[in-house]
Each structure stands twice: as C-alpha cells, then as structure tokens.
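Visitor: Chain by chain, the residues run as shown.
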Amino acid sequence: MSNASSAPSHATILPNGWEMVIGLEVHVELDTKTKLFSASPNHFGDEPNTNIDPVTLGLPGALPVINRRAVELAIRLGLALNCTVQASTFHRKNYFYQDLAKAYQITQYDQPINIDGFMMLPGDVRIGIERAHLEEDTGKSTHFGGTSGRIHGSDYSLVDFNRAGVPLVEIVSRPDIRNADQARQYVSELRSILLAVGASDAKMEEGSMRCDVNVSVRKAGEPFGTRCEIKNVNSIRAVGKAIDYEARRQVDVLESGGTIRQETRHWDDSEGRTHTLRVKEDADDYRYFLEPDLVLLDPGTEWVESIRASLPVLPAARRAQLSQLTGADKESEAVYVIVERGQDDYVQLVADAGGEPARALVYVQQAFSEAGSNPAVPAKDLAGLTLLERDAKVTATQAKTILSEIVANGGGDAGAIAAAKGFEALDTSAVEAMVDAAIAAQPDAWAKYCGGEEKAMGALVGAIMKSSQGKADGKVVTALLQKKRG
Amino acid sequence: MTSEFVSVVDIVGSIREGKTTASDVLEQHLARIDKRETEIHAFNHVMAESARANAASIDADLKAGKERGPLAGVPIALKDNMCTRGVPTTCSSKILEGWKPPYDATVVTRLQQAGAVIVGKTNLDEFAMGSSTENSAFGPTRNPLDTSRVPGGSSGGSAAAVAAGFAAASLGSDTGGSIRQPAALCGVVGVKPTYGMVSRQGLVAFASSLDQIGPFTHTVADAALLMEVIGGHDPLDSTSLDQPVPSLTAVLGQGVKGMRIGRLADMPDGCEPEVLARLDAAFAALKAAGATIVDIALPSLSYCLTAYYLVAPAEASSNLARYDGVRYGLRVESADLISMYGATRAAGFGAEVKRRIMLGTYALSAGYYDAYYGKALKVRRLIANDFAAAYQSCDVILTPTSPTVAFPIGEKTSDPLTMYLCDIFTIPTNLAGHAAMSVPFGTGAHSMPVGVQILAPALGEPTMFRVAAELERAS
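Going down the list, the protein sequences come from chains G and S. If you're matching positions, the first sequence starts at 1 in my numbering and goes up one per residue. If you're matching positions, the second sequence starts at 1 in my numbering and goes up one per residue.
The hints are simulated quantities; they were obtained by calculation from the structure and are not laboratory data. Glycine included, every Cβ here is placed at the ideal spot set by N, Cα and C. Mixed in with the good hints, there may be bad ones.
[As the list claims (entries may be wrong)] DEER-style ranges, computed between Cβ atoms: (1) S/Gly98 / G/Arg126: 58 to 68 Å; (2) G/Pro15 / S/Ser339: 46 to 56 Å; (3) G/Phe144 / S/Glu27: 48 to 58 Å; (4) G/Gly221 / S/Gly342: 44 to 54 Å; (5) S/Ala371 / G/Val279: 26 to 36 Å; (6) G/Trp303 / S/Ser14: 45 to 55 Å; (7) S/Asp24 / G/Phe144: 51 to 61 Å; (8) G/Trp303 / S/Pro102: 45 to 55 Å.
[What the hints assert, rightly or not] For lysine-lysine, the following DSS-like pairs were computed, each having C-alpha atoms within a straight-line distance of at most 25 Å: (9) G/Lys393 / G/Lys466; (10) S/Lys287 / G/Lys93; (11) G/Lys93 / S/Lys378; (12) S/Lys354 / G/Lys93; (13) G/Lys400 / G/Lys471; (14) G/Lys280 / G/Lys93; (15) G/Lys466 / G/Lys483; (16) G/Lys280 / G/Lys140; (17) G/Lys380 / G/Lys421.
[Stated by the list, open to error] Which stretches of chain S does chain G cover? Using the computed rule of at least three CB atoms under 8 Å from a CB of chain G, they are: (18) 232 to 243; (19) 363 to 376.
Given only the sequences and the hints, what does the whole structure look like? Please build it.
Guide: Right under this line is the structure:
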C-alpha cells in the first residue's frame with residue numbers, strides 16, 4: 001500500500017483552467033464478530049451461505065436487533081473523523097435484487113449517527129466529512145455464463161448471503177477534494193484511521209473497504225458542474241486513475257460542446273476507462289421510510305464520552321510526534337510509512353535507549369517492513385548502531401550491513417559486529433587522496449562532472465568505493481567531489 | 001361466559017386436580033374438529049399427531065409430579081401467520097404454500113413452555129389483510145354461530161376455532177382490528193395489547209408499526225392468563241417494551257367503582273341500532289357498578305381510516321417485497337429475473353394483497369410521500385393527541401367493536417371500501433399503539449353476538465381488564 005507522501009504532486013493538471021471537484025463515498029465493513037442485526041458470524045472467505053440465519057435470509061417473521069459493538073465501532077470512527085455523534089434512526093431503502101433478501105436495505109437516511117466531521121490532508125488541506133452512517137451490506141451475486149460477468153446475458157447466477165447483514169459504515173466526504181492526489185491521500189488516511197481505531201481491517205482487495213467516487217469539473221470559481229459517480233474502484237491506485245480519466249473525459253465532452261449527464265459509471269481497471277452503468281433517469285425510487293422494526297438509536301452522552309476517552313492517539317498526531325522526535329518532515333514518506341506500520345513506538349524506544357532518532361527512523365523503515373508489530377530486536381542494539389554511524393566509526397553502507405545482521409540474529413552489539421567484519425570508516429585525508437587519484441585516472445568523467453553533468457559523478461564515486469574496499473563513506477566522498485568542483 | 005365450552009382456567013384446574021387429563025381434553029377438542037371443521041374451515045393445518053404426543057408427555061410429567069406451567073394441557077390454536085418450527089406457516093397465501101419455518105415465534109415458545117398444546121394453524125385473510133377471512137387463498141372460514149355468515153377477520157379462523165370449541169383459546173394478530181372484530185362477530189373475548197407488550201418475533205409482518213399479537217378466549221380471566229404467559233420483554237424484538245406484563249389475573253375482581261368511563265359524544269354513522277343498544281346497556285351496567293360516564297371527543301377519528309389505509313399498505317408493500325421466488329415459497333419460472341418476480345407475485349398473491357401493495361407503493365413514491373404517507377403519519381400524531389386529551393377526563397373509553405354483527409358471506413367482497421369501514425372503531429388503537437379488547441355483550445340483529453370494545457391508554461391493561469370483567473359479570 002502506498003502512502004500519502006509529500007513527494008512532488010503527480011496530479012493531473014486539467015487544461016484551460018478546468019478544475020476537478022471530487023467527493024468520495026467509502027463503504028467499510030466493521031470488524032465485528034457478528035452481523036449488524038443478527039448473531040451470524042461476520043467472517044470473510046467462508047463456504048457460501050454458511051454464515052446465515054433467519055434475519056440474514058429475510059425469512060418471514062425474523063426481526064433485526066442492533067449489534068452494540070457495531071454501534072460502538074461506528075462511533076469510534078465518527079469521533080476519529082471529528083464528527084458530531086447524535087441520536088439516529090434507520091430507514092428502509094426498498095429495491096428488488098436477488099442478493100437483497102428482504103428487498104430492502106436497512107440504512108440510515110436523514111438522521112445518521114455521525115455528522116459534520118473533517119479530515120486534514122498534507123498541506124493543511126481540510127476535507128469535510130458530511131456523514132458516516134451505519135447500514136447493512138448485501139449478499140454477493142456471481143453470474144455464470146455469458147461474457148460480461150454481469151447478470152445480463154448470463155446463464156445463471158448464484159447468491160452468497162454470508163456478506164448480507166455485515167455492518168458497514170458509509171463515509172461521505174464533502175466535495176472538497178480537488179485532485180487525484182488528494183483523493184488518494186484521503187483514502188489512505190481514512191484507512192490508517194480505520195486501522196488505528198480498530199473499526200475495520202480496511203482491505204480493499206477483500207472488499208472490506210470500497211470506494212465510490214463522484215467527479216465533476218468546472219472552471220475555477222464557477223458553480224459545481226454535473227457529477228458522475230464511478231463505481232468498482234477497488235484500489236487506491238485505481239482511485240487516482242479513475243479520477244484522472246473521468247475528469248479528462250468530462251473536459252473533452254464539454255470542450256467539444258457536449259454536456260455531462262448525471263450518471264453512474266463503472267471503472268474498468270484493465271481498460272483504464274469508465275463506462276456508463278446507468279443514467280439518472282433510470283434511477284430507482286427507493287421509497288425510503290422509517291424502519292418500523294427498530295427504535296431510536298440514542299447512544300447517550302456518557303457512552304459517547306467513554307468511547308472518546310478510549311480512542312488511541314490517531315495517525316496524524318503520531319506523525320507529528322514522530323516528526324518532532326526525528327526531525328523528519330511530518331509529511332515525509334518515512335514518517336507516514338512508520339506510523340502506518342505502527343513502528344513509531346519502536347523508534348521512540350531506540351531514542352530512549354540513547355539512539356540517534358533520525359537514523360533510527362531510517363533503519364526501522366529499511367529493516368522492518370512487517371506491519372503491525374514492533375520489531376523483536378532490542379532497541380539498545382539499534383541505538384548502538386545509530387551512534388556508531390553518527391560518530392563516523394562506520395560508513396552508511398557498513399551500517400546497512402550491520403543492520404541486516406542484527407535483524408537476522410534478532411539482536412547483537414553493533415560495535416562487535418563492526419570489529420568482526422573489520423569495518424572502519426577511513427579518515428577524511430585518506431579518502432581525499434583516493435578522490436584525487438580517481439580524478440586523475442578519469443579526466444573525461446571529471447570534465448563532464450565539472451560541466452554540470454551530475455551523472456558523471458557515479459563513475460568517480462564507484463572507483464573510489466572500489467579502491468577503499470567499501471570503507472569510504474559515500475557521503476564523505478560526494479561532499480569532497482562537490483567541494484573540489486567548487 | 002356465554003359458551004357451552006370449558007374455559008382455560010377450568011381446564012387447567014381440572015387437569016391439575018386429576019379430574020381429567022390433557023389427552024382427554026385434547027380428544028374432546030379434536031372430536032369437535034372432526035365433526036364441524038369441514039363445514040367451518042377454521043384451520044389451514046390441524047396438528048393432531050404432535051398435539052397428542054404433547055398431551056401425552058404433559059400427562060406423564062404431571063403424573064410424575066413435574067411442574068408443566070400455567071397452561072399445562074390447554075389446547076390452543078395459532079393464527080397461521082405465526083412461525084412454527086417445521087410446521088407449514090402460510091399466511092393463507094399461495095406464495096408461502098409449503099414453506100416450513102426453521103424457528104418458532106416467541107409467543108409459540110412461551111405457550112409451549114407454559115404447557116399449552118398447539119392444535120393447529122388457523123385460517124386468515126391472506127397476510128392478515130381483510131375483515132372477513134374471505135380473502136384466504138384456501139377458502140373462507142364460516143362463523144360457527146351461523147355458517148352463512150363471516151367470522152370477521154383477519155383472524156377469523158382463530159375466533160371461529162374458539163367459538164366452535166376446536167381449541168380452548170387461540171392467538172390472533174391485530175393490525176387494525178383483526179383480533180377484536182372477529183372476537184365480536186364470533187362472541188368471544190379478544191385482546192389487542194399495548195404495542196410492544198407481546199413480541200412480534202416470528203409473526204409474519206403485515207404492518208410492523210401496527211401489528212400486535214393477542215389472545216382469543218371464552219372468558220376475561222382466560223385472556224388475562226394468556227396475556228401473562230405470552231407478554232413481556234423479548235430481546236429478539238427491538239420494539240418490545242422493556243418491562244414485564246402487569247399482573248392481570250389478580251385485578252379482575254376489583255370492580256369499577258369510581259372509574260370514569262368515556263363515551264363518544266359524536267358516534268360515527270353506520271352503526272346498527274341493536275349494536276348501539278348493547279353499548280348503552282354496557283354503559284348502564286358499569287354505571288350500576290359504580291362507574292361514572294363521561295362524554296369525550298376524538299376529533300381526528302374521521303381521518304383514522306384513511307390514515308390507516310396509507311400507513312398499513314405502505315409498510316406492507318415493503319414487508320411483502322421479500323416474496324420474490326428467489327429463496328423460498330412459490331416460484332414461477334420465467335425468462336429472466338425481473339419477469340420471474342412478476343410471474344411469481346402475480347400468481348402468488350390474491351387481489352386484496354395486490355391492491356394494498358400497489359396502494360402502499362404509490363403512497364411511498366417520490367413526489368407522493370408528503371401528500372399521502374407523510375400526512376398519514378401526522379394523523380397518527382393527531383389521534384394520539386386526541387386520546388391523551390380524552391384520558392385526562394376518563395380511564396377507559398367504551399365503543400362498539402364493530403358497527404354491525406357478522407354479515408353474510410359474500411356481502412362485502414365486491415366493495416373493498418365497505419369492508420374497510422368494519423374497522424372504524426378498532427383502527428385508532430393501532431395507530432396510537434394503545435390497548436383495547438372486545439368483550440361479548442349480548443346479541444343484536446339475527447341473534448348474532450355484539451362485542452363491546454374497551455379502549456385504554458398504553459399499558460392500561462389492568463384497568464381495561466377490570467372493566468372487561470365487570471361487563472362479563474353483567475352480561
């Protein structure tokens with residue numbers, strides 16, 4: 001999973017002053033043991049139609065009873081998204097489909113549990129959260145025969161109701177997103193928050209986190225244009241690609257004198273384009289009305305506040321802390337990656353053990369890619385290595401080798417490993433002599449480098465590292481070459 | 001008690017005292033079924049075999065000194081819209097023919113735990129939509145007191161089963177009067193409890209915000225006993241009230257002295273004079289017993305029927321959408337999914353059900369919601385306000401249960417609006433979520449029974465039962 005880094009923006013710039021307006025509707029499956037309205041297990045990947053019961057199948061006489069844990073997780077998420085949590089109601093959304101057992105979905109309509117939140121993106125960009133409401137998932141249809149994999153033209157369809165009734169929260173952003181980068185950052189940050197508060201495993205590949213993207217374009221400062229909703233956007237990468245494709249498509253239509261129809265479009269990841277799924281005139285009339293089988297869901301201030309008190313430190317605050325500790329930019333890739341992996345506590349431990357925080361950050365990012373758990377290496381061993389490198393007792397390359405060994409052995413004294421391997425950083429005067437020798441041996445490369453061709457430096461550095469048998473510090477070599485060029 | 005049959009209380013006592021056995025009691029009821037069921041058609045399904053096994057097991061347990069509950073050995077019939085595990089539950093609809101629920105409704109479990117013997121599933125208007133039990137896909141039920149007449153509906157089978165002595169008591173469901181009106185027309189007691197007092201879990205929904213299960217019995221004391229068994233909180237029904245049933249059997253002898261009985265100052269048109277005469281007699285009896293009569297007004301009463309026929313069909317259109325042929329019940333194969341839905345529902349539902357599904361779908365549709373469903377919800381609030389004001393000056397309200405006595409089969413089937421008027425006095429209770437019951441109080445035209453309806457506020461059952469017991473003593 002890529003991260004929302006502060007790397008230079010790759011966002012598509014639309015021509016002729018067009019601007020994208022993007023809103024996201026993200027569905028996440030809550031990580032509960034049982035379903036939203038029944039005691040069937042909420043578990044992905046089981047044999048079809050095993051996690052079912054009369055409520056899930058919509059059998060006559062079966063009644064829904066709200067899952068307290070699902071409500072708690074929804075509130076946790078809402079609070080983490082700075083929402084107001086309120087007393088809420090459920091409605092029925094009525095439509096016929098074979099994977100909707102009751103022929104209505106129980107969802108929150110005009111009185112959702114979480115409203116009016118926001119999320120901050122890099123560069124102090126504030127994205128409003130309109131609502132984050134509870135609803136039940138549908139079953140899953142698989143269509144056999146035919147070519148499209150869709151129900152039309154298929155020979156038969158099978159329905160798996162294991163997913164039916166799984167608790168979902170739908171998080172609806174305000175149309176505050178202005179480019180594909182921000183959209184990716186939004187989804188990525190939402191995922192981090194979901195993981196941090198334990199609301200969902202947020203696996204887009206398993207469908208426990210699903211994005212619908214609303215895209216429109218306008219000339220800057222003008223009212224919103226007509227939007228299209230894009231479905232089937234199943235990865236963060238696809239979020240960006242679908243937005244860029246769709247915005248360009250809309251601009252092309254408008255610039256050639258056409259108009260945008262409000263419609264639902266399907267993202268085809270293999271073709272890299274969107275197709276019309278249905279236009280608004282075909283939209284169902286869902287005949288929403290208050291679900292009479294449920295009562296007002298009022299969590300009460302006391303419960304909400306106890307949930308608030310139990311929230312962990314959220315990713316944004318943890319990034320700020322890590323940034324302060326290590327001096328790295330809070331929007332840097334390293335900071336994002338380490339917090340996403342949950343290894344910021346470990347970096348702190350290394351620092352507490354006397355280690356140099358900035359190098360600790362780099363080591364942890366390099367050496368421990370496993371997410372979610374802190375490395376088994378004693379923090380003091382890593383701390384020792386940071387000091388060895390800081391004091392130029394070993395080069396960066398040597399430090400990397402030592403780090404690999406420490407990780408492989410689950411610990412080890414950095415100084416002892418360095419001594420055993422015969423590592424020692426050469427002193428600057430020795431390196432300087434090698435630099436001079438390399439310049440004399442490769443005058444062409446030196447001339448090109450002096451002429452501003454930065455790549456030419458590589459040949460010189462390579463020669464010096466070779467003659468020093470890896471003991472020269474690459475950073476020192478580079479600095480010397482730059483200094484001699486003047 | 002106006003019937004020749006033995007009450008639940010007497011059956012329980014006789015079995016307990018060893019004067020008779022559950023099996024003997026059951027056989028007496030099964031013998032009556034054998035004799036008259038073909039003519040009356042109270043049942044969709046008689047469960048003679050399982051009932052005999054249950055009765056034998058109860059007898060064995062009682063003989064061994066085991067406690068089997070307050071209804072040990074009492075034969076009870078269930079309206080065929082209550083789920084019974086492994087036993088067909090049809091709602092008198094072709095669309096559910098052959099479907100066997102994998103679970104019992106909460107009321108069924110509670111009856112069984114109390115020692116009741118379930119004798120069968122009774123006929124009803126399809127999905128409880130009707131007032132005569134003529135809308136059953138399996139043919140009408142006839143009134144045991146005059147088989148040329150209807151038993152009322154929609155719980156006509158349950159009312160007839162008790163009136164004919166096929167069961168000592170039965171359960172029905174009441175969405176707009178479907179317990180009280182057939183009770184009145186068949187001359188038995190029928191109770192519509194406060195919304196939420198009896199679990200709806202396992203009751204096949206018609207209109208979820210109005211539906212409530214209640215008993216049919218020969219006596220007021222029997223009804224009180226059944227209420228105490230089937231009522232009370234159920235964690236499987238979110239609309240179930242979180243409190244125990246008030247004690248009802250204990251209050252029956254307390255009388256009505258000092259009680260204030262409300263009387264509608266403006267009686268709606270269309271009541272038979274004999275019905276109004278019986279109502280006057282009921283007021284006189286309560287007055288004689290020490291109550292005072294107070295005139296009250298329910299200004300929104302005239303809007304209730306219209307509001308009901310928007311709210312109930314709207315909820316029904318959603319509740320009945322699940323009968324799509326995909327998972328259970330009838331399926332009529334067709335070229336594709338959409339036409340299979342259409343063909344299945346066209347073949348599976350009767351005319352009245354289709355009429356209400358269309359009415360309800362329309363009332364909820366974009367552009368019509370505010371004018372119809374939204375306005376109907378306002379009427380619900382208005383009638384609740386009316387009742388709140390009325391109960392400032394009275395404890396209960398007395399009305400006829402039905403404007404007429406049981407009418408001949410076929411008389412109203414061609415005109416749905418006339419049929420809907422049967423519910424004029426019963427509907428407001430459901431819209432408000434209150435309690436009400438019908439008590440037999442003599443006879444009217446054609447010597448058919450007349451029921452008097454006692455209306456009480458939410459949780460007003462103790463007061464309501466005291467009045468019912470007094471009327472029973474006076475009748």
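Visitor: Now tell me, hint by hint, if it's right for this structure.
Guide: Structure-based check of all given hints:
For S/Gly98 and G/Arg126, the Cβ-Cβ distance of about 59 Å falls inside the hinted range of 58 to 68 Å, so the restraint holds. Here the CB-CB span from G/Pro15 to S/Ser339 is close to 48 Å, well matched to the stated 46 to 56 Å. For G/Phe144 paired with S/Glu27, a C-beta distance near 56 Å keeps the hint of 48 to 58 Å intact. The given range of 44 to 54 Å is respected by G/Gly221 and S/Gly342, whose C-beta atoms sit roughly 51 Å from each other.
Distance hint check: the CB atoms of S/Ala371 and G/Val279 are about 27 Å apart, consistent with the given range 26 to 36 Å. The supplied range of 45 to 55 Å is met by G/Trp303 and S/Ser14, whose beta-carbon atoms lie about 53 Å from each other. Between S/Asp24 and G/Phe144, the C-beta spacing of about 59 Å keeps the proposed range 51 to 61 Å intact. G/Trp303 and S/Pro102 have their C-beta atoms about 35 Å apart, which leaves the hinted 45 to 55 Å range violated.
Between G/Lys393 and G/Lys466, the direct Cα distance comes to roughly 19 Å. Compliance with the 25 Å bound is thereby established for this hinted pair. For the proposed pair S/Lys287 and G/Lys93, the alpha carbon gap of about 52 Å is over 25 Å, so the pair is violated. For the hint pairing G/Lys93 with S/Lys378, the CA-to-CA distance comes to about 22 Å; that is within 25 Å, so the pair holds. Proximity of S/Lys354 to G/Lys93 is assessed by CA-CA distance (about 20 Å); at most 25 Å being required, the pair is judged to hold.
For the proposed pair G/Lys400 and G/Lys471, the alpha carbon gap of about 13 Å is at most 25 Å, so the pair holds. A distance of roughly 17 Å separates the Cα atoms of G/Lys280 and G/Lys93; the hinted pair therefore holds under the 25 Å criterion. Restraint check: the Cα-Cα separation between G/Lys466 and G/Lys483 comes to about 21 Å, which is no more than 25 Å; the hinted pair holds. For the hint linking G/Lys280 to G/Lys140, the alpha-carbon distance of about 24 Å falls within 25 Å, and the restraint holds.
About 20 Å separates the Cα atoms of G/Lys380 and G/Lys421, which keeps this hinted pair within 25 Å; it holds. For the region 232 to 243 of chain S, the stated coverage by chain G holds: 5 residues have a C-beta nearer than 8 Å to a C-beta of that chain, and at least 3 were required. For the region 363 to 376 of chain S, the assignment as covered by chain G holds, since 5 residues bring a beta-carbon within under 8 Å of that chain's beta-carbons and 3 suffice.
Checked against the numbered hints above, the structure violates hints 8, 10; every other hint is satisfied.
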